[in-house]
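Chains as they are written, first to last, in the working numbering: chain A, 1 to 300; chain B, 301 to 555.
Derived by calculation from the structure, the hints in this document are not laboratory data.
It is possible that some hints are incorrect.
[Stated by the list, open to error] Ranges of calculated distance between the beta carbons of each label pair, as one might list FRET restraints: (1) Gly-88(A) with Met-359(B): 53 to 61 Å; (2) Gly-88(A) with Val-531(B): 37 to 45 Å; (3) Asp-130(A) with Leu-428(B): 46 to 54 Å; (4) Trp-553(B) with Pro-149(A): 31 to 39 Å; (5) Asn-126(A) with Phe-379(B): 30 to 38 Å; (6) Asp-170(A) with Glu-549(B): 17 to 25 Å; (7) Glu-38(A) with Trp-337(B): 47 to 55 Å; (8) Trp-553(B) with Asp-170(A): 26 to 34 Å; (9) Asp-134(A) with Ile-477(B): 50 to 58 Å; (10) Ala-64(A) with Cys-425(B): 41 to 49 Å.
[What the hints assert, rightly or not] Quick list of in silico lysine-lysine cross-link-like pairs, BS3-like style, CA-CA up to 25 Å: (11) Lys-393(B) with Lys-85(A); (12) Lys-393(B) with Lys-89(A); (13) Lys-31(A) with Lys-446(B); (14) Lys-89(A) with Lys-313(B); (15) Lys-85(A) with Lys-313(B).
For each residue, glycine too, the CB sits at the ideal point set by N, CA and C.
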Amino acid sequence: MRMLTCFLPPSSGTATVAGFDVLDQSLEVRKHIGYLPESPPIYPEMETAEYLRFVGRLKGLRGAELEKRVEYVSGRCAVADVKKKLLGKLSKGYRQRVGLAQAIIHNPDVLVLDEPTAGLDPKQINETRDLIKDLAGEHTIILSTHILPEVEQTCEQVIIINKGRVVATDSVANLQSRARNAETMLLEVAPRGGTLEPAQVQQELERVGGVSRVLVKEQRNGSVVFETESRKGELVRGDLARAVIQGGWDLNELRPAAMSLEEIFLQLTGSDPAAPAETEPPAEAAPAEGETAAAEEPQA
Amino acid sequence: MRNTWIVCQKELKSYFASPVAYLLLTMFALIFGFFFWNALGYFVVEGAEMQMSGQNFPMDINEQIIRPLLSNVSVLGLFFIPMITMRLFAEEKRTGTIELLATSPVRDFEIILGKWLAAVGLYACMLLFTAINFAFLFRYGNPDWKPLAIGYLGLLLQAGALLAVGTFISTLTRNQIIAGAATFGVCLLLWVFAWVSGYDSSTWATVLSYLSVVTHFGSFGKGVIESKDAVYYLTLIFLGLFFTARSLESMRWRS
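Use the sequences and the hints to build the structure in full.
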């Protein structure tokens, strides 16, 4: 990412941003890119508006246009109320938003965000994510993060990089289906008076066309959760539901079990492909060099 | 050029937004004031003694007050320069704002030039304050203003050279204290090199004393612009800024 922003030159290969080469046309690239490093690059002794004006001028804005953009981005990133405050005195969330405002001040085509939600509290994380999603309509956003749910929430296109190599480039949905060819359903079945014989239900479910495997996943006071596996594309939900009802039981819940991005990540980076679905590793468990970059294409 | 000015403005603002500028200005003015008072005291006492002894040597304000004063200031500057330059790049590297500058559509040399000009600007402000003292000389005496102006030009050139060296050293570390201490060391060395010529006249001693920043101030102090001295300062400025640019570039390749 630092290569895309022209901070570091590539050691091999090339990259083009908005049609310009990062090495040969570095200045042009920099005009078309907005960058928010991991910690927002703010000068603590500057006021918010003064800082935005400085960055704007650095990016080539001037005069009335500069003032207009400063107005616009401080409204957009919700920092208008701290315009006269020293940046050093702002909270982490505000600093992050000032950092975002700084990145979009020259209305760049491409926005590069390095772990934009790191170190924020949950409320600030949500605000920042909403803002990023909001900006997606105007800019192509490339964001890197180790927090995988963030990718599921905000990104359209995912690039998984492990030890400097791209191991997967796809949309979240495609990655999920690609990672596993089968579709998994979770059913919670409850007895209709009396008790439930799991083996009986299992038998009944196995008889449904298209279902290849049925497992008893867990038993919770009276009801039982089953996991069924079927080939992708087979429409088994209706048949499964019917089988339960006709067997004389209640169907409390029926939902597809989506594979979380974390499992896909682990599978692709080869950390532990056989890891069972229940053990959801914390985000920090990702390999240190592994990095998930995700890009969001503008709709417009 | 516009980018240079933007960076320069920002640097000047941050000098004056923090106590740094005011502290430096005050200390410099204070110490200079003391030097001035001292020089004036000697001058007065010498004048009185001369009258009492009946001798009649010509008394010259330029030679007896301004010249020693300016060469004092040229040494005084050595102590203040590290404090001006130490933050220039070290601070940006520590807080990560260097990434903002390095990814903006601004060339490296524009950033460097802007920062260096801001440092020179601050030093010029410090010199400007000392001019108040000289105003008294003009009020009560009639010194020649031309050597004084040339002296100031020399001071500015000398400071520019050392500030360029300091700017370079500031790019080498992210720790301001280290940058400051190293710059101070280099400034002192560039001063004491001049002493060698006092007892040694071999070739290497000549070279060493030529390298000293203070030897080159002599002519300016006298009110003479000698091209070899001006060239020395300009070369040092160029080299300092050139190495700063190389250092910034290597930072990109290394990290």
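Hint check:
{"no.": "1", "hint": "Gly-88(A) with Met-359(B): 53 to 61 Å", "verdict": "holds, 55 Å"}
{"no.": "2", "hint": "Gly-88(A) with Val-531(B): 37 to 45 Å", "verdict": "holds, 44 Å"}
{"no.": "3", "hint": "Asp-130(A) with Leu-428(B): 46 to 54 Å", "verdict": "holds, 52 Å"}
{"no.": "4", "hint": "Trp-553(B) with Pro-149(A): 31 to 39 Å", "verdict": "holds, 36 Å"}
{"no.": "5", "hint": "Asn-126(A) with Phe-379(B): 30 to 38 Å", "verdict": "violated, 53 Å"}
{"no.": "6", "hint": "Asp-170(A) with Glu-549(B): 17 to 25 Å", "verdict": "violated, 37 Å"}
{"no.": "7", "hint": "Glu-38(A) with Trp-337(B): 47 to 55 Å", "verdict": "holds, 54 Å"}
{"no.": "8", "hint": "Trp-553(B) with Asp-170(A): 26 to 34 Å", "verdict": "holds, 33 Å"}
{"no.": "9", "hint": "Asp-134(A) with Ile-477(B): 50 to 58 Å", "verdict": "violated, 43 Å"}
{"no.": "10", "hint": "Ala-64(A) with Cys-425(B): 41 to 49 Å", "verdict": "violated, 32 Å"}
{"no.": "11", "hint": "Lys-393(B) with Lys-85(A)", "verdict": "holds, 24 Å"}
{"no.": "12", "hint": "Lys-393(B) with Lys-89(A)", "verdict": "holds, 20 Å"}
{"no.": "13", "hint": "Lys-31(A) with Lys-446(B)", "verdict": "violated, 48 Å"}
{"no.": "14", "hint": "Lys-89(A) with Lys-313(B)", "verdict": "holds, 18 Å"}
{"no.": "15", "hint": "Lys-85(A) with Lys-313(B)", "verdict": "holds, 16 Å"}
Hint violations for this structure: numbers 5, 6, 9, 10 and 13, all remaining hints satisfied.
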